[in-house]
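Asker: So the protein sequences, as listed, match chains A and B.
If you read the first sequence in the working numbering, its first letter stands for residue 4, the second for the next number, and so on.
If you read the second sequence in the working numbering, its first letter stands for residue 4, the second for the next number, and so on.
Keep in mind that the hints were calculated from the coordinates and are not lab data.
Incorrect hints may appear among the rest.
Put simply, identical chains are the same to the list, so a pair is met inside one copy or across any two.
Computed cross-link-like contacts, PhoX-like style, restricted to lysine-lysine with a CA-CA straight-line distance of at most 20 Å [unchecked claim]:
| id | residue 1 | residue 2 |
| --- | --- | --- |
| 1 | K10 | K181 |
| 2 | K56 | K81 |
| 3 | K44 | K181 |
| 4 | K108 | K39 |
| 5 | K5 | K72 |
| 6 | K59 | K72 |
| 7 | K59 | K5 |
| 8 | K181 | K6 |
| 9 | K21 | K44 |
| 10 | K81 | K108 |
In case you want the letters, here they are:
2 protein chains.
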Amino acid sequence: MKKFEEKTIETSSIYDGKVISLRVDTVSLPDGNTSKRELIKHPGAVAIIPITKEGKIIFVEQYRKALEKSIIEIPAGKLEPGEAPEVTAVRELEEETGYTTNKLKKLGSFYTSPGFADELLHVYEADDIELLPERIAGDEDEFVELMELTLEEAEALVAEERIHDAKTMYALLHLRLKG
Amino acid sequence: MKKFEEKTIETSSIYDGKVISLRVDTVSLPDGNTSKRELIKHPGAVAIIPITKEGKIIFVEQYRKALEKSIIEIPAGKLEPGEAPEVTAVRELEEETGYTTNKLKKLGSFYTSPGFADELLHVYEADDIELLPERIAGDEDEFVELMELTLEEAEALVAEERIHDAKTMYALLHLRLKG
Numbered sequence: 004m005k006k007f008e009e010k011t012i013e014t015s016s017i018y019d020g021k022v023i024s025l026r027v028d029t030v031s032l033p034d035g036n037t038s039k040r041e042l043i044k045h046p047g048a049v050a051i052i053p054i055t056k057e058g059k060i061i062f063v064e065q066y067r068k069a070l071e072k073s074i075i076e077i078p079a080g081k082l083e084p085g086e087a088p089e090v091t092a093v094r095e096l097e098e099e100t101g102y103t104t105n106k107l108k109k110l111g112s113f114y115t116s117p118g119f120a121d122e123l124l125h126v127y128e129a130d131d132i133e134l135l136p137e138r139i140a141g142d143e144d145e146f147v148e149l150m151e152l153t154l155e156e157a158e159a160l161v162a163e164e165r166i167h168d169a170k171t172m173y174a175l176l177h178l179r180l181k182g
Numbered sequence: 004m005k006k007f008e009e010k011t012i013e014t015s016s017i018y019d020g021k022v023i024s025l026r027v028d029t030v031s032l033p034d035g036n037t038s039k040r041e042l043i044k045h046p047g048a049v050a051i052i053p054i055t056k057e058g059k060i061i062f063v064e065q066y067r068k069a070l071e072k073s074i075i076e077i078p079a080g081k082l083e084p085g086e087a088p089e090v091t092a093v094r095e096l097e098e099e100t101g102y103t104t105n106k107l108k109k110l111g112s113f114y115t116s117p118g119f120a121d122e123l124l125h126v127y128e129a130d131d132i133e134l135l136p137e138r139i140a141g142d143e144d145e146f147v148e149l150m151e152l153t154l155e156e157a158e159a160l161v162a163e164e165r166i167h168d169a170k171t172m173y174a175l176l177h178l179r180l181k182g
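The following block holds chain A by itself, in its conformation from the complex:
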């Protein structure tokens, strides 16, 4: 759908980084006026809700430099160029948690912040996860600690703002609805 389309008059590339890039577009608005749009390009990402045979959920705690604090999230990671999201999902699950699954189910996908970024996040549920015989090395600049929690324990961490991000809040509502 192109309702209220904003046509690009001029594009200015500001930054091209290893994860994101930033450009500023001058756009023509539906009423003929012009405006500026600050736009982040992101490769897209996956998030996985890993559930053990005992019905516990695996979370990872990690430091988020953008927030200057560590929060507790479901495992997630960026898409590599040309990688199918399902492949990324199993890879990130294995790297971040040491578990694997052959029961990956897609729940949906959503743009995390469409006002300024094109990041599309694909969310999966991984049931009956199994521990790998040995750990696989992940990103060398990523440090995470695993937490195995019941849904009720995780919901209690929302109140403490230890769980505080969109994908994980979405995951908890999904699991609560599933019962």
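Given chain A's structure and the hints, the job is docking chain B onto it.
Answerer: Showing chain B alone in chain A's frame:
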């Protein structure tokens, strides 16, 4: 919590815009190595789930330049400097939909994309909304069209990817759970 803290060695400001700013930090990792973090600063935002006396939900359709398409979302907007999120929520509801409420209930808040951005989104439910006697002008570069939908109609739009963003998907799960 500061587990796995990444200490800033150097900060480089790349861009300072009207909505977002971008900086790149060189950080010291827990293992002593260094890495770069690309970080977006955002003022934070609110989103509102507006529900009519008849139990319908008000959505807005708008063009999202970052996605180069229009999607259907719950009303939302950025925090103005010094403005309390509750005040922003009522203002955005009034500007974007022409409705107001005196029954604003906070559902929670979450970081939209903690891997690279500090945007914190506060989500509210506005029950028993009432039409204002006349429309209030909103942002002059924002063009939105209202849609009044049942929960079932909105859920059907998820399958068509017309509803496709985190806050709106979260809102639908919340309403489904509420029953």
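Asker: Hint by hint, which ones does this structure get wrong, listed from lowest number up?
Answerer: 1, 2, 3, 4, 6, 7 and 8
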